[in-house]
Amino acid sequence: MFKFTISMVCMAALLAGSGGCGQRADRSDAGTTLVVWAHEGQPAEKAALQSVIEAFNRSQTSVAARLEFKQEQGYGDRVNAAAMAGQLPDILEVDGPYTAHFADLGVLQPLNEILPPGLTNDFLPTILQQGSYQDKLYTLGAFDSTVALFYDRARLAACGITPPQSVQAAWTWDEFMAALAKISEQYPDLLPLETFMTWGGEWLTYAFLPVVWSNGGRVLAPDGRQAEGYLNGPATVAALRAWQQLFQRGYADPDATPGMFQHGQAAMALGVFNRWPIFRDAELDFGMSPYPGLQSSASPSGSWCWGVTARCRDTAAAAELLQWLLDPRQGLEPLCRANGGVPSRAAALALMPDYQETRGLFVEQLRLTGRARPATPRYGTVTTEVSRALDDIARGADVQQTLDGAARRIDAVLRDAGG
Amino acid sequence: MQKHSCDRLGQWLDQRAGLLLSLPALLLLLAFVILPFTMAVYASFTNQSVRTFMQPGTLAYVGWDNYRELLGDGDFGQALFNTMYFVALVVPLQVGLALALAVLVNGAEMWRRMLRISFFMPVITSMAVLAVVWTLLFNPGAGVFNTLLRALQLSPQPFLSSPRQAMLCLAAMSVWQGVGFQMMIFLAAMQSIPPALYEAARIEGAGRWQCFRRITLPMLKNTTIFVVYITTVFAFKLFVQPHLITQGGPRGSTRTLILMLYDEAFTNMRYGKAAAISVMFFVLVLLVTFVQRRLMPREERL
Amino acid sequence: MAGIRLQDVGKEFGAHRALCDVSFSIANREFFVVVGPSGCGKSTLLRLLAGLEQVSRGRIFIGERLVNDIPPGRRNVAMVFQNYALFPPLTVFENMAFGLRIRRLPRREADEMVLRTARVLELDPLLQKRPAQLSGGQRQRVALGRAMVRQPEVFLYDEPLSNLDARLRSDMRSELLRLHKRARTTAVYVTHDQVEAMTLGDRICVIRDGVVQQVASAMDVYHRPVNLFVATFLGAPPMNVLPGRLESAGEHCRLLLDGGRILPLTLAGAAQAWRHCLNRPVSLGVRPEVMQPASAENAPLLQGAVEVAEVTGGECYVHFREGDARLVARMSVAHKPELGEGVSFSFPASGAHLFDEHGRRVEAQLAFVK
Ligand SMILES: Nc1ncnc2c1ncn2[C@@H]1O[C@H](COP(=O)(O)OP(=O)(O)OP(=O)(O)O)[C@@H](O)[C@H]1O
Ligand SMILES: [Mg+2]
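Residue numbers (our numbering), protein chains in the order written: chain A, 1 to 419; chain B, 1001 to 1302; chain C, 2001 to 2370.
Source of the hints: derived by calculation from the structure; they are not laboratory data.
Treat the hints with care, as some may be off.
Unchecked claim - Straight line, CA to CA, 20 Å or less: simulated SDA-like cross-link-like pairs of lysine to any residue:
1. K2129(C) / L2115(C)
2. K70(A) / E54(A)
3. K182(A) / W171(A)
4. K1221(B) / S1192(B)
5. K136(A) / A310(A)
6. K136(A) / Q109(A)
7. K1221(B) / E2094(C)
8. K2129(C) / P1297(B)
9. K182(A) / G287(A)
10. K1221(B) / L2090(C)
11. K182(A) / P164(A)
12. K1237(B) / F1266(B)
13. K70(A) / I114(A)
14. K2129(C) / F1266(B)
15. K70(A) / A1188(B)
Said to hold, decoys possible - Computed list of chain B residues with no C-beta within reach of chain A, every gap over 12 Å:
16. R1016
17. G1018
18. Q1055
19. D1065
20. M1114
21. I1117
22. I1124
23. G1178
24. F1181
25. K1221
26. F1290
27. P1297
Keep in mind it's a predicted model, so treat the numbers as computed, not measured.
Even for Gly, the Cβ is constructed at its ideal location relative to N, Cα and C.
Generate the whole structure from the sequences, applying the supplied hints.
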């Protein structure tokens, strides 16, 4: 029971002993050393980042970057602890939606004055939205992500369904439901739609909030200080009632084991961008259609991104490294090739015609309908509550009641967090 | 003179040997239990959060606010209920089953080693692995349990996706996982019962059941009391299973006090409120232990 | 009331033969003592009678009933264990009432029986205590009480007094005898203490390595041991054994002891009993207490220098060496010799036992030729 208090004691100890640990940039005659923290991703992704940093260190002599990987599990907690102990690095990789959290805590400093003006011109709007908090830019990512509607060409053709290929022509919810109805009629033993619900947690918030947005709903008030009236407002409730029908009608299954589409057991899948190589390698004959919407269209976005911590003194050096990481040729291309992410800059896309050709839909969708998750200093609370609510709703819980509870809990935390 | 002072020192040491020997333990207790707990009590009356750490000026005394908030909304009540429900399910089940298994294993001379190992396995297996396995077993669609039920012409159950059954499932899984530990304690106690007692009882006419009821059970009384205590405390601390398997759902039905504490501290980063939960938890466990002491027979020297 | 009969009973534990071809009968109300060295199978025998172990072969009757397949609880026997085997969680009262409770006797009747037995054993003040609160002697009495309460047909005792100190042991011994005379039930009593065996037993059964050597009254076992083993096992200090050779010498015989001494003898009694020993190795057994200091009328037969002289109150045991044989003689303390002093003893021929080369008793009356 004292686990928590013990951790507080440890934090206190860290605070006490935080004197002069050489974690931060030191400018000596030899130049500046920047400590960089990144999450430990897939081996390919990790290796790519490693070589990008090495290339940076070779490219000049005034700044040296020292890359430190931290486990993805508990990465945020680790950064929080380091922040409280005053042991932050100079450059920090942040999971996109937590930008506001770290900005609010004072962990990150705004990039607006650090980066040369005009650098952000060709970035995806979703990346800029994700990186902004209270009108200032705190993070920029090398790549973005989204979710598309993957479908089995042969089976849908057999049902006489031709899913739309362009974002402008995306299915409305009714068209989507009609297609699902047809599929389940034609293939009673097939799961019509795979939703990867059992991944739980952040996936639910990320993948399904667009349904809410497409109906004009929101999680938080525009000022980010309140969930009451938004998360449980009529637009959100209506959207999630519609979404709940997916499960109620048996088109999707909250307990389906992930991998059904890949194994030919599902006709469609709301799959994240990195399913694409998996489905390709499974030699499926599949197509991609944009994320369907209710009143309008919306689609998921967001990924890991870079920020400069408040403890970084040599912002010029930081800017140099950030520009390298975000350089279309030096940073974006190798990183995106390693993890399949959507390049965050148009200039990089121009260097990757194959990407544009096979996954142009991702880019188009992010440009036109992509939207970042809510920017709030307590994103952890918001996503926990939202994902739990979504899970309950998928299992048939009363939508209004569930969202009322979630909104109340979120507001209690936001009230406490407010300045 | 020298010798005299040596004697004095020896005497002094003798008189205080008990205290001196327990000093290291007491210091550790102080450092890792009493001190943190005192800090927690203090923190529970403040608005301590990740923010007050970064901006010390914002730290404020908030009186009973954290407690009022806890008692005011239904979440704490639900978590309290869930926790107590789990304890009420698990303690009798796990202690009873542990005893039954111990009897079984003790009786099966040929298979004793094998059975003992197989019941103890889950105890030493990582909970993260077990969580994955049991999630699959409980899966309403393709899970083993429902496949079995369907094979027996019984209707499949929603298990973890039903607010009514989820906690039962976690309890079943926890009992299975933990029962080997208590079984080992019982087994050790049973093997220290002199066989002559059973022989005497058999000559007096006792059958297997009578032997169990009149010899084994009474001889295991102290052990049972101990096992009930530790099982209760373990059960109160339920966290990993709901954290990994159900994330407290569905509809908060597996949200326990510790899970709530964890959420409050690490998700919401409200350390003050989390501290308030930990204090309430401590008081609760204290209370329950106290009631248990009153209800249960006293331990005896045999 | 019941006697016990064993027919060709054998018991093996795996390859180990614990008992072999045991056959004897115990009369109703007899106090039957089983003695033998450690590991000879005494407890095994008792456990077979109790039903705690199954015979490997042979048959056991209690009364007229074949009990081979009857479980311990229905043999109507009671057993007192060496470690008492009292039930620690139960009070003395409940320990004694245990069997009655199992048999679901009406509570009042059962309580009455316990109280009666407790009175006999003077356990009344202890009834509400637990075994851990009792002394060894008190526990012993409770164990006895538990056995007695049910008034079984047969009592089985497995070295019940061996955990008590010497004084308490002799007190309990007479107590046991008193109780047994009173209860008049059959008792089988296992011990390796020969004093217990001699004082308690109506008859004594001597076992060696799972084989019964002799079943006879205490007097017989002591005075007419069937073989050297029995002869030397019972009696303390043990019987002196003088190996030698029996030779015919015209009218009579002479015994050539290994040390070189020659004892002229006559043997009377059925000739076929002893004739086969002629001109063969034999042993002469003489108990320490029949030895007398040599005197004018008693010519010295055994001589040597004193090695040890043990004083046990009124008498003393003198250890000396005659040739290769170490011998012991009992004498009055008044005549206690010094260490190293030369002593000479004689003994009456009627007090000597003759054993053949296989150690078997030779039935013959011995007399020395003057
Ligand atoms: N359950 C058993 N399994 C194997 N061997 C046994 C078992 N019980 C007894 N024995 C063996 O049988 C032999 C006789 O044992 P028993 O206990 O009857 O001896 P005892 O005469 O009572 O000896 P003591 O005077 O030391 O009690 C011993 O050699 C013993 O090792
Ligand atoms: Mg024995």
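Going through the hints against the structure:
no. : hint                : result
1   : K2129(C) / L2115(C) : holds (14 Å)
2   : K70(A) / E54(A)     : holds (18 Å)
3   : K182(A) / W171(A)   : holds (15 Å)
4   : K1221(B) / S1192(B) : holds (13 Å)
5   : K136(A) / A310(A)   : holds (14 Å)
6   : K136(A) / Q109(A)   : holds (9 Å)
7   : K1221(B) / E2094(C) : holds (17 Å)
8   : K2129(C) / P1297(B) : holds (18 Å)
9   : K182(A) / G287(A)   : holds (18 Å)
10  : K1221(B) / L2090(C) : holds (12 Å)
11  : K182(A) / P164(A)   : holds (16 Å)
12  : K1237(B) / F1266(B) : holds (17 Å)
13  : K70(A) / I114(A)    : violated (25 Å)
14  : K2129(C) / F1266(B) : violated (57 Å)
15  : K70(A) / A1188(B)   : violated (44 Å)
16  : R1016               : holds (29 Å)
17  : G1018               : holds (26 Å)
18  : Q1055               : violated (7 Å)
19  : D1065               : violated (10 Å)
20  : M1114               : holds (32 Å)
21  : I1117               : holds (31 Å)
22  : I1124               : holds (21 Å)
23  : G1178               : holds (18 Å)
24  : F1181               : holds (19 Å)
25  : K1221               : holds (28 Å)
26  : F1290               : holds (16 Å)
27  : P1297               : holds (27 Å)
Against the hints set out earlier in the document, violations occur for numbers 13, 14, 15, 18 and 19.
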